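K.L.:
As given, the protein sequences belong to chains A and Z, one line each in that order. Here the first sequence stands for residues 1 to 162, where the numbers follow my numbering. Here the second sequence stands for residues 1 to 104, where the numbers follow my numbering.
Honestly, I wouldn't trust all of these hints.
Stated by the list, open to error - Under the rule of at most 30 Å between Cα atoms (straight-line distance), these lysine-lysine pairs were calculated in the BS3-like manner:
hint	chain 1	residue 1	chain 2	residue 2
1	A	Lys134	Z	Lys87
2	Z	Lys15	A	Lys16
3	Z	Lys96	A	Lys97
4	Z	Lys82	A	Lys103
5	A	Lys16	Z	Lys27
6	A	Lys16	Z	Lys67
7	Z	Lys87	A	Lys97
8	A	Lys143	Z	Lys87
9	Z	Lys67	Z	Lys87
10	Z	Lys15	A	Lys143
11	Z	Lys7	A	Lys97
12	A	Lys68	Z	Lys67
13	Z	Lys50	A	Lys103
14	Z	Lys43	A	Lys138
15	Z	Lys67	Z	Lys27
16	Z	Lys27	A	Lys87
In short, the hints are calculated from the structure, not lab data. Please read all numbers here as calculations on a predicted model, not as lab measurements.
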Amino acid sequence: MKGLYENEMKLEFFSKSNNEAFARITVAAFAAQLDPTIEELADIKTAVSEAVTNCIIHGYENTEGMIKIIAKIFANTIEIEISDSGKGIENVEIARKPLYTSKPNLERSGMGFTIMESFMDEVHIESVLGLGTKVTMKKVIEKMPSLDEVAQEERDSLCSVN
Amino acid sequence: MESEFLKEDKLLLIKITEEIDHHSTEKIRRMADNEITRYMPRKVLFDFSKVSFMDSAGIGMIIGRYKTANMLGGTVEMTNVKPSIQKIFEMSGVLKIIPVVKSA
Numbered sequence: 001m002k003g004l005y006e007n008e009m010k011l012e013f014f015s016k017s018n019n020e021a022f023a024r025i026t027v028a029a030f031a032a033q034l035d036p037t038i039e040e041l042a043d044i045k046t047a048v049s050e051a052v053t054n055c056i057i058h059g060y061e062n063t064e065g066m067i068k069i070i071a072k073i074f075a076n077t078i079e080i081e082i083s084d085s086g087k088g089i090e091n092v093e094i095a096r097k098p099l100y101t102s103k104p105n106l107e108r109s110g111m112g113f114t115i116m117e118s119f120m121d122e123v124h125i126e127s128v129l130g131l132g133t134k135v136t137m138k139k140v141i142e143k144m145p146s147l148d149e150v151a152q153e154e155r156d157s158l159c160s161v162n
Numbered sequence: 001m002e003s004e005f006l007k008e009d010k011l012l013l014i015k016i017t018e019e020i021d022h023h024s025t026e027k028i029r030r031m032a033d034n035e036i037t038r039y040m041p042r043k044v045l046f047d048f049s050k051v052s053f054m055d056s057a058g059i060g061m062i063i064g065r066y067k068t069a070n071m072l073g074g075t076v077e078m079t080n081v082k083p084s085i086q087k088i089f090e091m092s093g094v095l096k097i098i099p100v101v102k103s104a
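Build the full structure now, drawing on both the sequences and the hints.
P.N.:
Set out below in structure tokens:
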């Protein structure tokens with residue numbers, strides 16, 4: 001059973017706000033196999049938290065529903081798909097704008113999509129009114145050279161000087 | 001969340017002791033507003049030393065507390081903010097009204 005992706009996981013959970021932490025920690029644990037830096041891991045956790053919060057507040061407007069996450073790993077890239085079957089976004093272009101929020105009364109900053117876009121390498125939003133919203137995000141985890149490789153490179157450069 | 005009011009300086013110290021997201025802000029908001037309206041401090045200092053994670057919910061939360069404190073004649077500052085959290089505050093422009101200061 002070998003597909004296009006090297007690894008894949010699926011997660012489904014209720015649209016309850018205490019699942020926000022569960023979702024971001026689970027995706028971070030899955031992403032850990034790419035050996036990300038602490039900063040890259042924090043970026044992924046934040047982006048997942050934003051997308052899941054959007055499903056809860058906007059997609060389902062605090063009513064009950066299911067949120068689905070599919071995460072895939074291919075080479076050094078993680079792709080995370082977060083979807084709900086909620087009300088959908090009327091105008092994705094407007095929703096993406098920094099500081100735009102449809103719910104200012106809830107002390108929302110309108111920075112959710114902006115944070116996803118700046119913390120991930122790619123963010124794609126698909127939404128159909130009455131059917132739901134799917135956010136697909138990708139992040140490339142740069143491979144850090146191992147200590148052995150660094151040492152070898154140093155030896156090589158020393159040799160070439162001599 | 002832990003808080004302490006220093007009477008002589010009219011300074012309210014609020015130490016947030018959990019991850020900040022949409023789920024936790026409800027509680028933080030309620031408790032912080034309670035303390036701010038009770039002491040009417042000249043300055044509210046939020047200590048982030050125990051905060052390991054924050055998403056954009058933290059931006060709305062801190063601006064909301066600024067509004068409460070400001071209405072009662074006070075200002076708000078933050079301290080011990082980790083780089084990953086600082087990044088989020090920088091993106092939002094909130095640091096212009098709520099600065100991050102060095103811990104005392």
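K.L.:
If a hint holds in the structure, say so; if it doesn't, say that too.
P.N.:
Tested hints:
For the proposed pair lysine 134 of chain A and lysine 87 of chain Z, the alpha carbon gap of about 26 Å is at most 30 Å, so the pair holds. Simply put, lysine 15 of chain Z and lysine 16 of chain A have alpha-carbon atoms about 26 Å apart, close enough for the 30 Å limit, and the pair holds. For the hint linking lysine 96 of chain Z to lysine 97 of chain A, the alpha-carbon distance of about 21 Å falls within 30 Å, and the restraint holds. Of the supplied pair hints, the one linking lysine 82 of chain Z and lysine 103 of chain A holds, its CA atoms being roughly 28 Å apart against a limit of 30 Å.
Pair hint lysine 16 of chain A plus lysine 27 of chain Z holds up; C-alpha atoms about 15 Å apart against a cutoff of 30 Å. About 28 Å separates the Cα atoms of lysine 16 of chain A and lysine 67 of chain Z, which keeps this hinted pair within 30 Å; it holds. Between the alpha carbons of lysine 87 of chain Z and lysine 97 of chain A the distance comes to roughly 18 Å, so the proposed pair stays at or under 30 Å and holds. As the CA atoms of lysine 143 of chain A and lysine 87 of chain Z are separated by approximately 23 Å, the hinted pair is consistent with the 30 Å bound.
With a CA separation close to 22 Å, the supplied pair lysine 67 of chain Z and lysine 87 of chain Z stays within the 30 Å bound. Taking the CA atoms of lysine 15 of chain Z and lysine 143 of chain A, the gap is near 37 Å; set against the 30 Å cutoff, the hint is violated. For a cut-off of 30 Å, the pair hint linking lysine 7 of chain Z to lysine 97 of chain A is broken: about 43 Å separates their Cα positions. Using a Cα cut-off of 30 Å, the hinted pair lysine 68 of chain A and lysine 67 of chain Z is violated, with the two alpha carbons roughly 36 Å apart.
Among the hinted pairs, lysine 50 of chain Z with lysine 103 of chain A is consistent with the structure: their alpha-carbon atoms are about 29 Å apart, no more than 30 Å. Between lysine 43 of chain Z and lysine 138 of chain A, the direct Cα distance comes to roughly 42 Å. Violation of the 30 Å bound is thereby established for this hinted pair. Between the alpha carbons of lysine 67 of chain Z and lysine 27 of chain Z the distance comes to roughly 17 Å, so the proposed pair stays at or under 30 Å and holds. With a C-alpha separation of about 27 Å, the suggested pairing of lysine 27 of chain Z with lysine 87 of chain A holds against the 30 Å cut-off.
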